[in-house]
Amino acid sequence: MKNRPFIERMGFALAGLKAAWQREASFRTHCVMGLLAVAALALLRPAPVWWAVILLVVALILALELVNSALEGVIDHLHPEHHPEIKIIKDMVAGAVLVLSGTALLVALALAVDLWMQGRLF
1 MKNRPFIERM GFALAGLKAA WQREASFRTH CVMGLLAVAA LALLRPAPVW
51 WAVILLVVAL ILALELVNSA LEGVIDHLHP EHHPEIKIIK DMVAGAVLVL
101 SGTALLVALA LAVDLWMQGR LF
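Under the working numbering, the sequence shown has 33 at position 33, and the numbering climbs by one with no breaks.
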């Protein structure tokens with residue numbers, strides 16, 4: 001894949017996104033949640049910095065979910081049998097997605113508090 005034209009490399013990346021959408025329910029779930037977050041931003045109209053923070057968190061979650069899915073796929077391909085150490089590794093990567101998802105909830109809470117303190121929420 002090295003030294004290929006940019007447009008060809010972009011095609012590989014888009015094929016990866018398509019495969020993740022087709023194969024991974026958790027990726028689809030995170031995409032839907034990201035769209036809901038963007039819809040909430042459109043309705044609440046917070047300061048631009050909140051748009052940047054929330055869009056960054058959404059992008060990080062999607063990227064980490066792609067890494068998680070790719071690692072699980074490679075691990076399953078190379079070592080299809082059940083092995084306790086491999087389970088731990090896969091659980092750790094899934095835990096990374098969970099940590100970032102929890103962080104997203106804290107960011108959403110911080111946005112809600114900020115809007116509430118401005119009298120723009122409830």
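Hints are not guaranteed to be accurate.
[Claimed, not checked] Only pairs whose alpha carbons sit at most 20 Å apart, straight line, appear in this in silico SDA-like list of lysine to any residue: (1) 18 - 74; (2) 18 - 31; (3) 87 - 67; (4) 18 - 66; (5) 18 - 3; (6) 90 - 27; (7) 87 - 71; (8) 90 - 71; (9) 87 - 98; (10) 90 - 64; (11) 90 - 73; (12) 90 - 80; (13) 87 - 77; (14) 90 - 20; (15) 87 - 69.
[Unchecked claim] Restraint ranges, calculated between C-beta atoms of paired labels, are given here: (16) 121 - 56: 19 to 29 Å; (17) 85 - 5: 19 to 29 Å; (18) 117 - 5: 44 to 54 Å; (19) 121 - 55: 14 to 24 Å; (20) 105 - 23: 23 to 33 Å; (21) 38 - 75: 25 to 35 Å; (22) 84 - 105: 22 to 32 Å; (23) 88 - 28: 20 to 30 Å; (24) 88 - 9: 30 to 40 Å; (25) 103 - 22: 35 to 45 Å.
It is worth saying that the hints were derived from the structure and are not from the lab. Quick caveat, the model's predicted, so the values are computed rather than measured. Using N, Cα and C, we set each Cβ at its ideal position, and we do this for glycine too.
Going down the list of hints, with the structure as the test:
As the CA atoms of residue 18 and residue 74 are separated by approximately 18 Å, the hinted pair is consistent with the 20 Å bound. Note on residue 18 and residue 31: the hinted pairing holds, with a Cα-Cα distance of about 12 Å set against a maximum of 20 Å. Proposed proximity of residue 87 and residue 67 is supported: the alpha carbons are some 16 Å apart, at most 20 Å. Only pairs whose Cα atoms come within 20 Å are accepted, and residue 18 paired with residue 66 is accepted, the gap being roughly 11 Å.
For the given pair, residue 18 sits about 23 Å from residue 3 by alpha-carbon distance, which is inconsistent with the 20 Å threshold. With a CA separation close to 16 Å, the supplied pair residue 90 and residue 27 stays within the 20 Å bound. Of the supplied pair hints, the one linking residue 87 and residue 71 holds, its CA atoms being roughly 12 Å apart against a limit of 20 Å. Among the hinted pairs, residue 90 with residue 71 is consistent with the structure: their alpha-carbon atoms are about 8 Å apart, no more than 20 Å.
The suggested pairing of residue 87 with residue 98 holds, with an alpha-carbon distance near 16 Å, which does not exceed 20 Å. Between residue 90 and residue 64 the alpha-carbon distance is near 13 Å, which keeps this suggested pair within the 20 Å criterion. A hinted pair counts as satisfied when its Cα atoms are at most 20 Å apart, and residue 90 with residue 73 qualifies at roughly 10 Å. Pair hint residue 90 plus residue 80 holds up; C-alpha atoms about 13 Å apart against a cutoff of 20 Å.
With a C-alpha separation of about 14 Å, the suggested pair residue 87 and residue 77 falls inside the 20 Å cut-off, and the hint holds. Straight-line distance between C-alpha atoms of residue 90 and residue 20 comes to about 17 Å, which keeps the hinted pair within the 20 Å bound. At most 20 Å may separate the alpha-carbon atoms for a hinted pair to count; residue 87 and residue 69 meet this at roughly 14 Å. Here the CB-CB span from residue 121 to residue 56 is close to 22 Å, well matched to the stated 19 to 29 Å.
Look at residue 85 against residue 5: about 40 Å separates their beta carbons, and that is not inside 19 to 29 Å. Checking the proposed 44 to 54 Å range against residue 117 and residue 5 shows it holds: the Cβ atoms sit about 50 Å from each other. Roughly 20 Å separates the CB atoms of residue 121 and residue 55, a value that falls within the hinted 14 to 24 Å. Separation of residue 105 from residue 23 is about 26 Å and conforms to the stated range, judged on CB atoms against 23 to 33 Å.
For residue 38 and residue 75, the hinted distance range of 25 to 35 Å is satisfied, since their beta carbons lie about 32 Å from each other. Take residue 84 and residue 105: their Cβ atoms lie about 31 Å apart, and the range 22 to 32 Å holds. Our hint of 20 to 30 Å for residue 88 and residue 28 holds, since their Cβ atoms are close to 26 Å apart. A hinted range of 30 to 40 Å for the beta carbons of residue 88 and residue 9 is consistent with their spacing of about 34 Å.
Checked against the hint of 35 to 45 Å, the C-beta distance between residue 103 and residue 22 comes to roughly 27 Å, which is inconsistent with it.
Comparing the model with each numbered hint stated earlier shows that hints 5, 17, 25 do not hold.
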